[in-house]
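Undergrad: Here are the chains, one letter per residue:
Protein chains: 2
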Amino acid sequence: MNAAVYHGPGDIRVEEVQRPEIETPSDAIVRVTHTAVCGSDLWFYRGESDRETGTRVGHEPMGVVEAVGDDVRSVRPGDRVFAPFVVSCGYCEFCRKGLHTSCVNGDSWGGDNGGAQGEYVRAPHADGTLVRVPDSDADDEDVLTALLPLTDVMGTGHHAAVSAGVGESDTCVVVGDGAVGLCGVLAARRLGASRIVAVGHHADRLALAEEFGATETVLGGDGTDVVEAVTERTDGGSEHVLECVGAASAMETAVEVCRPGGTVGYVGVPHGIEDGAFPMFEMFGDNVSLRGGVAPVRAYADDLMADVLDGTLDPSPIFTKTVSLDDIADGYRAMDEREAIKVLVEP
Amino acid sequence: MNAAVYHGPGDIRVEEVQRPEIETPSDAIVRVTHTAVCGSDLWFYRGESDRETGTRVGHEPMGVVEAVGDDVRSVRPGDRVFAPFVVSCGYCEFCRKGLHTSCVNGDSWGGDNGGAQGEYVRAPHADGTLVRVPDSDADDEDVLTALLPLTDVMGTGHHAAVSAGVGESDTCVVVGDGAVGLCGVLAARRLGASRIVAVGHHADRLALAEEFGATETVLGGDGTDVVEAVTERTDGGSEHVLECVGAASAMETAVEVCRPGGTVGYVGVPHGIEDGAFPMFEMFGDNVSLRGGVAPVRAYADDLMADVLDGTLDPSPIFTKTVSLDDIADGYRAMDEREAIKVLVEP
Chain A
0 MNAAVYHGPG DIRVEEVQRP EIETPSDAIV RVTHTAVCGS DLWFYRGESD RETGTRVGHE
60 PMGVVEAVGD DVRSVRPGDR VFAPFVVSCG YCEFCRKGLH TSCVNGDSWG GDNGGAQGEY
120 VRAPHADGTL VRVPDSDADD EDVLTALLPL TDVMGTGHHA AVSAGVGESD TCVVVGDGAV
180 GLCGVLAARR LGASRIVAVG HHADRLALAE EFGATETVLG GDGTDVVEAV TERTDGGSEH
240 VLECVGAASA METAVEVCRP GGTVGYVGVP HGIEDGAFPM FEMFGDNVSL RGGVAPVRAY
300 ADDLMADVLD GTLDPSPIFT KTVSLDDIAD GYRAMDEREA IKVLVEP
Chain B
0 MNAAVYHGPG DIRVEEVQRP EIETPSDAIV RVTHTAVCGS DLWFYRGESD RETGTRVGHE
60 PMGVVEAVGD DVRSVRPGDR VFAPFVVSCG YCEFCRKGLH TSCVNGDSWG GDNGGAQGEY
120 VRAPHADGTL VRVPDSDADD EDVLTALLPL TDVMGTGHHA AVSAGVGESD TCVVVGDGAV
180 GLCGVLAARR LGASRIVAVG HHADRLALAE EFGATETVLG GDGTDVVEAV TERTDGGSEH
240 VLECVGAASA METAVEVCRP GGTVGYVGVP HGIEDGAFPM FEMFGDNVSL RGGVAPVRAY
300 ADDLMADVLD GTLDPSPIFT KTVSLDDIAD GYRAMDEREA IKVLVEP
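Residue numbers (numbering that gives the first Met the number 0), protein chains in the order written: chain A, 0 to 346; chain B, 0 to 346.
I should point out that these hints are in silico values taken from the structure, not numbers from a laboratory. Yeah, the Cβ is synthetic: ideal placement off N, Cα and C, and Gly gets one too. Mixed in with the good hints, there may be bad ones.
As the list claims (entries may be wrong) - To be clear about the criterion: a stretch of chain B counts as covered by chain A if any three or more of its residues have a C-beta under 8 Å from a C-beta of chain A, and this derived list gives those stretches:
{"hint": "1", "region": "91-101"}
{"hint": "2", "region": "282-293"}
As the list claims (entries may be wrong) - Beta-carbon label-pair distances, calculated as ranges:
{"hint": "3", "chain 1": "B", "residue 1": "Glu-338", "chain 2": "A", "residue 2": "Gly-284", "range": "54 to 60 Å"}
{"hint": "4", "chain 1": "A", "residue 1": "Thr-214", "chain 2": "B", "residue 2": "Glu-209", "range": "34 to 40 Å"}
{"hint": "5", "chain 1": "B", "residue 1": "Ala-305", "chain 2": "A", "residue 2": "Asp-302", "range": "39 to 45 Å"}
Whole structure, please, built from the sequences with the hints as guidance.
TA: Okay, structure coming up:
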């Protein structure tokens with residue numbers, strides 16, 4: 000079968016690899032029908048984080064179950080499923096608490112399981128990992144495209160909003176206009192926020208943020224002091240700030256636009272923050288809380304899917320480009336050059 | 000009058016200075032009867048933080064009201080009072096929310112108001128800043144010594160416990176065996192924690208932690224792996240960790256002994272953390288929340304005083320040395336050399 004393989008910064012190739020097989024009775028094999036390129040894939044693509052060359056990539060699988068091990072109960076061959084960006088057992092302490100990213104039996108895609116950017120993956124702990132799409136919607140392309148972001152960015156944006164404590168009638172600020180930030184806007188609206196200030200660097204993406212429910216936008220760059228602009232609009236800062244980037248500068252902005260006593264919900268994989276740019280003193284002086292981390296999107300999948308299926312949630316506009324698996328290198332390029340917000344891949 | 004003045008690292012002198020006077024109608028003048036040297040005073044005393052030479056020091060005043068401005072309603076001359084380590088108005092948004100450290104009319108001791116390590120201070124916003132001790136207890140030396148820590152360390156330890164989310168029957172870890180850490184133990188016990196693991200570097204202080212309610216102690220140093228020891232005892236970490244030091248190493252320990260999904264309540268003035276030692280990746284991966292900051296001890300003063308007055312809370316054993324104002328330099332030395340946990344000063 001074919002799969003995308005990382006060969007160094009800027010070098011993603013589609014190669015013939017071994018097709019995965021059932022290895023333990025709790026495994027399932029999924030034929031991938033839809034997957035995506037993630038903003039976090041750009042960190043290694045740009046050489047900003049380490050990744051071994053020759054490794055398979057992709058962590059947002061959706062597809063059709065091809066085979067299941069003897070112990071699997073929740074899905075059968077032929078079922079449409081999707082899976083979060085990490086594997087989780089579903090029964091350990093942390094899975095039961097809704098913190099599937101800390102699953103003690105957890106694993107990631109891309110190793111022996113195969114990357115989601117390939118024709119097949121092996122899903123360990125299939126009962127805990129896979130989310131089954133109801134048969135009635137299993138072949139509706141529009142629904143599937145709207146569900147695909149639940150594998151990662153929609154659940155991640157939701158985690159930012161939940162972590163920031165967004166609730167009914169709140170004012171919040173969303174820092175970042177990438178796919179996660181845009182999903183953060185959707186999540187904040189869904190949680191009842193009445194005022195959502197979206198902060199970004201791209202006019203077209205902020206326009207989409209408005210479609211998604213942002214009531215105001217602040218475009219950075221060209222000398223605009225984003226912190227000043229947001230602080231002025233919110234009369235001193237917002238109590239709920241979603242940090243949806245992970246870069247040190249975004250974290251700094253998030254803390255600075257947070258009202259004293261407020262909370263920053265952060266979900267972007269931290270980059271550069273460990274190099275001394277963490278705004279510790281501002282946080283300390285203002286009693287700003289920091290909550291969040293790698294999003295346990297499995298915990299949110301059922302609730303978010305219910306809203307997608309009843310038509311009240313649709314993150315699919317974040318996919319502004321679709322490529323075949325053979326053309327996935329062009330998908331990475333398009334995201335790297337910010338030509339596309341997020342790329343859908345059809346193996 | 001006499002007051003302590005900072006003249007550079009290791010150099011605290013008692014000098015004749017101008018006695019403060021009522022400047023605005025909301026001021027009060029307090030004759031200081033009890034004050035203290037704070038662990039945070041050691042940062043400038045050791046040259047680890049900047050402070051202008053020639054400035055007055057001390058921020059934990061307790062005393063008797065000498066005079067009040069025309070607008071002051073809550074205290075009268077002759078009343079015994081104490082005040083938190085910052086001045087707060089009592090009526091702004093943040094004071095009303097219990098975040099007095101973010102008071103928009105706030106101020107600190109040590110400038111024009113005079114340092115608390117002196118014979119008199121001017122208390123701006125007396126109605127918001129000063130806490131009146133009931134007349135029945137106003138001259139009981141034991142009570143006054145037990146109340147004095149409410150100016151800073153007891154309220155700060157309590158803020159760590161509250162921020163860490165400590166509640167009935169919880170297990171928690173207190174990192175730090177200084178005055179704040181010891182008060183954190185008292186606070187955790189007061190909030191109902193059934194298991195309190197105190198972590199420190201001094202056997203005598205950990206013995207006091209046990210008197211204060213710690214159910215277990217872990218002594219660091221000499222090759223003891225504190226993180227390993229605490230993680231083993233708590234079967235993978237505690238959901239509630241109080242970081243009561245402020246040093247980068249303590250923050251690292253706190254995050255590492257925190258269970259995934261748990262919360263670190265931090266209150267130590269951050270030192271060294273901005274230089275790249277912030278354990279961001281561990282926090283991110285484990286969804287560890289960070290709450291706290293500079294403690295709004297004014298918000299806690301009334302509740303904590305009630306417990307001191309009814310005899311259920313007594314942090315006074317943290318004062319292991321008492322000096323006169325004239326001998327305050329010896330008090331700084333004793334704390335710097337860890338000869339004393341906390342020094343009480345009697346002007």
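Undergrad: Hint by hint, which ones does the structure fall short of?
TA: 3, 4
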